[in-house]
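Those sequence lines, one after another, are chains P and V. My numbering numbers the first residue of the first sequence as 1 and each following residue consecutively. My numbering numbers the first residue of the second sequence as 1 and each following residue consecutively.
Everything labelled a hint here was simulated from the structure, so no lab data went into it. For clarity, every value in this text was computed on a predicted model and none was experimentally measured. You may find that some hints are simply not true.
Some chain P residues close to chain V (C-beta under 10 Å, calculated; not the full set) [as the list claims (entries may be wrong)]: (1) S125; (2) I130; (3) L139; (4) P140; (5) G144; (6) H148.
Ranges between beta-carbon positions, derived for each pair [to be verified]: (7) P/S84 x V/P262: 54 to 60 Å; (8) V/V353 x P/L99: 57 to 63 Å; (9) V/S124 x P/S113: 29 to 35 Å; (10) P/G57 x V/D195: 25 to 31 Å; (11) V/G399 x P/F90: 35 to 41 Å; (12) V/N317 x P/K81: 46 to 52 Å; (13) V/E57 x P/T103: 45 to 51 Å; (14) V/A417 x P/F90: 35 to 41 Å; (15) V/D193 x P/F90: 21 to 27 Å; (16) P/T103 x V/R499: 36 to 42 Å; (17) V/I252 x P/K31: 52 to 58 Å; (18) V/G399 x P/G57: 54 to 60 Å; (19) V/E443 x P/G96: 55 to 61 Å; (20) V/R499 x P/K81: 49 to 55 Å.
Glycine included, C-beta positions come from ideal geometry on N, C-alpha and C.
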Amino acid sequence: MKSLKRYLLVLVFVACWLPCEAKHMAVVVNKANGTGNVTAADLVKILQVNTKKWPDGKNITVVLRDPSSPEIQDALQRLYKMSSMELNAFLQSHKGTFLVVDTDEALLKVVESNPGAVGLVDVYSITSRINVVKVDGKLPLEQGYVLH
Amino acid sequence: MRTRVGLSIIAFLFLCYMLVVSARAQDDVASVSTITTADPAANGSARVVPVTTKSAEARDLYIHAMVKLENLHGEEAMQDLRKAVALDPDFALANVIISFPTIDPIVDPAEQVSAREKANAAKSKVSRGEQLIIDWITNTTEGHMVPAIQAMNEVLDEYSNDKHLAWLAGVWMENQQQWKRAIPIFERAIKLDSDFAAPLNEVAYCYARYRMYDKAFDAMQRYIGLLPNEANPQDSYAEILRMGGKFEDALIHYHASLKIDPGFVESQLGIADTYALMGDESRARTEYAIAIQHARSKSQAANWTMNAAVSYLREKNFSGADAAFRAAARQAHQDDLALPEAEAYRMMATYQVDSNTAMQLLKKAEAVLDEKHPLGAAARQQELALVLRERASRAARDGKISLTSTTLQRLQQMADASQDQNIHLAYEGAAGALFVAQGKYEEAIHHLEEDDHNPVSVRLMVTAYQNMGAKDLAEQSAKMLATWNEPTLEQALVVPEFRTREAASATSSFKRM
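Throw the hints in and build the complete structure from the sequences for me.
Structure follows, in structure tokens:
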């Protein structure tokens, strides 16, 4: 191939035109948190604030990007198995329960500095300053991962 | 053709990576005698990833390899890189580059594995930046995406002034189909050096993907301005123009590319593809014939022959298409090219009215893949996945749910055992087709969204949205399809119907005014 563009074309045209990028949300926790895996059911309990403490006794703080953003809505709908209306009603009734931040970077900073924090973040934002928790034994971008 | 995307993506990443470090190496030419072992980031000075080797000659070879790569002479560059690692077996970055899978059949997979192991073994001897790059790239090739991303973000953060690194990360994001994320990374590279041509080319494609054509054209014009005597910028600009439906302008720039470099045969293909999308299929075939005549390999010629065969489909000349695909399959068989032979049969199956004929063709495609031909395992699996996808989709459409489920199960097993994105997408597309056939539209959308680059899946999404009562989403997807300017089989199969609908809708709106 003489053209770098040739390769790029394959990429661009193959994934052509639709402004929709599949998002895989990573469940992130503080480095000191030893939780390596949760079941989807337990994650729902954590994110719905039904489970309030980690196994080591630390209080759980749920950190989210703007819950009205499409990717968070999509992830929570799939996880909670709720319709859009049910989810919005749930979020309304739990206002103030979650720590809401503006950006992935801000979310990661909160999780980095708060030993009990757990958050949902776009997997492409993750750093090695946080731990990524498996859900039902799977990491983001693996086939069958629940949060995508 | 789109069937060997995975390999091409890997090859592209490979080339991009080499180009990145090549450019860095060129920047470092002035200090070639200095063998970098210290990490500039350690004392917070230059935030640029160093290139560590104990051999000045190896470094020199590396630099030359990079220049060749920048000029897109990949095979020659590989030879230099091999010599470089022979002189310095601990040359980690060079080994990491060699370790990348490529579409070049002369690169032995065992050599790649060995090079990766050498890069990892030398990790303790190189700078932190290089270590992170090794982690990033090695984990990517091994399918460990979480640590790969973590390493990439770390190195980006720590070496924030490295424009080539930023470019590499942008390219990597593109390969992950994360165009939105790639844009700011490319922009960062351009901000670090406004004369840095490579990210301009790529960010233009990213913008074009989001139909931000003003930005895309602006970036392309800057790219051309920086490299006025090279063919590729003209060719890339032509592609972007074509994406935007500006076919006549695209032709002008393809011809400009060929004027600069008459041997730039991809531009000849671009001309043919553009005529095909414009609906001038006869002219397209004439232009394809010229491109095929100048193809650099039998494999390339075989692929382009199938583009020409697709042109008959655009004319709805199905017997012409059959004849062209059969001729392509025969030629591929004679040339011992299993992949295009199988592709030809699979492609024929997609437009057959009679399902028995279609299934026979798919059987034939699968049989070709099972014959003894020089064919890499990954390429074989990718094509097999597409054959299975087509079989499952056809069976679903015909209401043969049992056959669909069995085929889908086979496809899922392949997907579960593979990191290959193409196999995963084939599974998602087939699963979506099954759910649409069963009337389970929400489940269908869940799968089809994963395969939203494929017009066939998007057409199914339109059906699903319509049945779900999501009129706006259905219309949005239909409009998207109507302006889909990709010269592929799938485009030829799906898009004309939506263009006709769109045109009819525009006419009726006009009449109402």
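Hint compliance check: list the failing hint numbers for this structure, sorted ascending. 10, 15, 19 and 20
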